[in-house]
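Sequence order for the protein chains is A and B. So in the numbering used here, spot 312 of the first sequence is number 312, and the numbers just go up one at a time. So in the numbering used here, spot 22 of the second sequence is number 1022, and the numbers just go up one at a time.
These are calculated hints, taken from the structure and not from any lab test. Careful, some of the hints might be misleading.
Simulated coverage check for chain A against chain B, where a stretch passes if three residues somewhere in it have a Cβ under 8 Å from a Cβ of chain B [claimed, not checked]: (1) 109 to 121; (2) 155 to 163.
A partial selection of chain B residues facing chain A, derived with a Cβ cut-off under 7 Å [stated by the list, open to error]: (3) Ala1021; (4) Lys1045; (5) Ala1050; (6) Pro1052; (7) Val1057; (8) Gly1075; (9) Thr1076; (10) Met1079; (11) Thr1083; (12) Gly1094; (13) Gly1095; (14) Phe1100; (15) His1101; (16) Ser1103.
If you're wondering where the values come from, they're calculated on a predicted model, not measured in any experiment. All C-beta atoms, glycine included, are put in the ideal place defined by N, C-alpha and C.
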Amino acid sequence: MPEVAPDFDVPDLDGPDFDVIVVGAGPAGSSAALVLARAGRRVCLLERGPFPGSKNMYGGVVYGRILDTLIPNWWEEAPVQRWVTRRGTVIMTETQALTVDYRTTAWGEAPYNGCTTFRPDFDSWLADKAVEAGAVLVTSTTATALLRDASGRICGVSTDRPEGDLTARVVIACDGVNSFLAKEAGLYPHAVPENFTLGAKEVLALPREEIEKRFGLRGHEGADFEIVGCTRGIPGGGFVYTNLDSIAVGVVLSVTELAKAKVRPEELIAGLKAHPMVAPWIEGADLKEYSAHLIPEGGFDMMPELVTDGMVVAGDAAAMCLAAGIWLEGVNFAIGSGTSAAEATVDALLADDTSAAGLAGYRDRLEESFVMADHRKLRRAPELLMSHRMQSVYPTLMCNLAEGMFTVTNPVPKKGALALGWTEARRAKVRLRDLARDGWTTIRTFG
Amino acid sequence: MPPYDPAVTWPRVSFEDRMDAVEFRVGTRAHITVDGDSCRGCTTKSCVTACPANLFVPTSDGGILFNYEQCFECGTCYMVCNTKGAIEWTYPDGGHGVVFHRS
Chain A
1 MPEVAPDFDV PDLDGPDFDV IVVGAGPAGS SAALVLARAG RRVCLLERGP
51 FPGSKNMYGG VVYGRILDTL IPNWWEEAPV QRWVTRRGTV IMTETQALTV
101 DYRTTAWGEA PYNGCTTFRP DFDSWLADKA VEAGAVLVTS TTATALLRDA
151 SGRICGVSTD RPEGDLTARV VIACDGVNSF LAKEAGLYPH AVPENFTLGA
201 KEVLALPREE IEKRFGLRGH EGADFEIVGC TRGIPGGGFV YTNLDSIAVG
251 VVLSVTELAK AKVRPEELIA GLKAHPMVAP WIEGADLKEY SAHLIPEGGF
301 DMMPELVTDG MVVAGDAAAM CLAAGIWLEG VNFAIGSGTS AAEATVDALL
351 ADDTSAAGLA GYRDRLEESF VMADHRKLRR APELLMSHRM QSVYPTLMCN
401 LAEGMFTVTN PVPKKGALAL GWTEARRAKV RLRDLARDGW TTIRTFG
Chain B
1001 MPPYDPAVTW PRVSFEDRMD AVEFRVGTRA HITVDGDSCR GCTTKSCVTA
1051 CPANLFVPTS DGGILFNYEQ CFECGTCYMV CNTKGAIEWT YPDGGHGVVF
1101 HRS
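All chains should be built: construct the whole structure from the sequences, respecting the hints.
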């Protein structure tokens, strides 16, 4: 993978070094830098890793529709592992699995629906687009603090390079889930651990043909399974997805509940790998990489303030990740928010007002796009999905219900679905009141 | 108990081998420091089990031994730490730390 030489020239001009400094060359930052560079703005894209994507990991699928306008025919050049044509949602107990296993040939043809990729490849590709458009990518450089002018307004960042202060009229903080810049700016006082999950993942190598045989795939088709009930009661979930010649298996865990449970993350991955549904898929596969990353899972209600004088926040730094059970998306929300941040910044620069009021168009643009529409609609999803009933009680109930339905009990006559449902609900100690309330919340959230 | 024996269906990797599969460009500055005195009074020591890289090791005198070199820079440790000031957390210097390739 090419690593961009970190040497760069700061134009010797009066005033700030750049129009905009974008901190973080993930999908939010690179999209922002791309839009700004295309608008003719002098933009610096700062990345602390040796190359874009080197610090990033994710849980399976990049949904590409958001790229259609930004990079037409992106699918012809993006570094894709596989196109997801088989999408499973799995409800699991230690010995059972109930799967909605959907597949379609439509997702295997342009313009495609979603792909699996290696984030170091994908993020580097997207950053290259920004560089081609004229952005200055500076890798191996950590932004250590915000710079403020005499009036207290943000006017750049300090970096860990010698004489590394960089000034700009606007800073776009795309510095990821831990966003120390948003915190330093006072935009994120509620970044409490309850709103975060830990993702931990193994990438396991197998020959390409073997993966295609085991998952029923051909060519560049791919599979993605999202799983609930595989985390020993710790709120979260699991996933299995296919790369070209490797399989990714991982878990997502409430940070606070993981700590309370005193279980190690890799033990939970081991449990998932040993599950009767998963074990045959990965038999004999060698560990190629292990990775871990935090995820901002709290959704709409945990988002920081998005705008302050001289700075806007986008991507995971703004908690734009969507963790809504049947929809688990992040990269597309990062690209959407980064694009909106850049467009609002272009407007603010034109109007020569980069105060919070001048940058307020960012929020408006987000509200008009899927980013806020989806997050607002699904704001109740994280709490609902992380509840004990959704995580443990209902998965057991539904698996037992399926087992009851499909077990042939001759000579005992069949019970009928309703009677089975009552029996299982009683066995699971589900109160009708809770069931009704969760059902109503589910309809209100996903309806 | 799961009916599949993990040791049969896929090889158990030692934690050392697991971490050897990951590239770390170790910097000279410890980007995370742990104040052992604060840790001695801590009853939960959540960092010990929650850290995915297993970098926090309890010592016999009730403290914590910490090694920054194979850190994923995820942030779990400071999130679960309940002793203010026990974990001083920054990113590694530019270009250093974990480097993912297949994530």
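These are the hints, each one checked on the structure:
1. 109 to 121: holds (count 3)
2. 155 to 163: Contact hint for the segment 155 to 163 of chain A vs chain B: holds, 3 residues under 8 Å.
3. Ala1021: OK, holds: B:Ala1021 within 7 Å of chain A, min 5 Å.
4. Lys1045: violated (9 Å)
5. Ala1050: holds (5 Å)
6. Pro1052: holds (4 Å)
7. Val1057: violated (13 Å)
8. Gly1075: Holds, because the Cβ-Cβ distance from B:Gly1075 to chain A comes to roughly 5 Å (cut-off 7 Å).
9. Thr1076: holds (5 Å)
10. Met1079: holds (4 Å)
11. Thr1083: Not OK, violated: B:Thr1083 not within 7 Å of chain A, min 13 Å.
12. Gly1094: holds (4 Å)
13. Gly1095: Since chain A brings a Cβ to about 3 Å from B:Gly1095, closer than 7 Å, the hint holds.
14. Phe1100: holds (5 Å)
15. His1101: Holds - the Cβ of B:His1101 comes within 7 Å of chain A, reaching about 6 Å at its closest.
16. Ser1103: Holds - the Cβ of B:Ser1103 comes within 7 Å of chain A, reaching about 3 Å at its closest.
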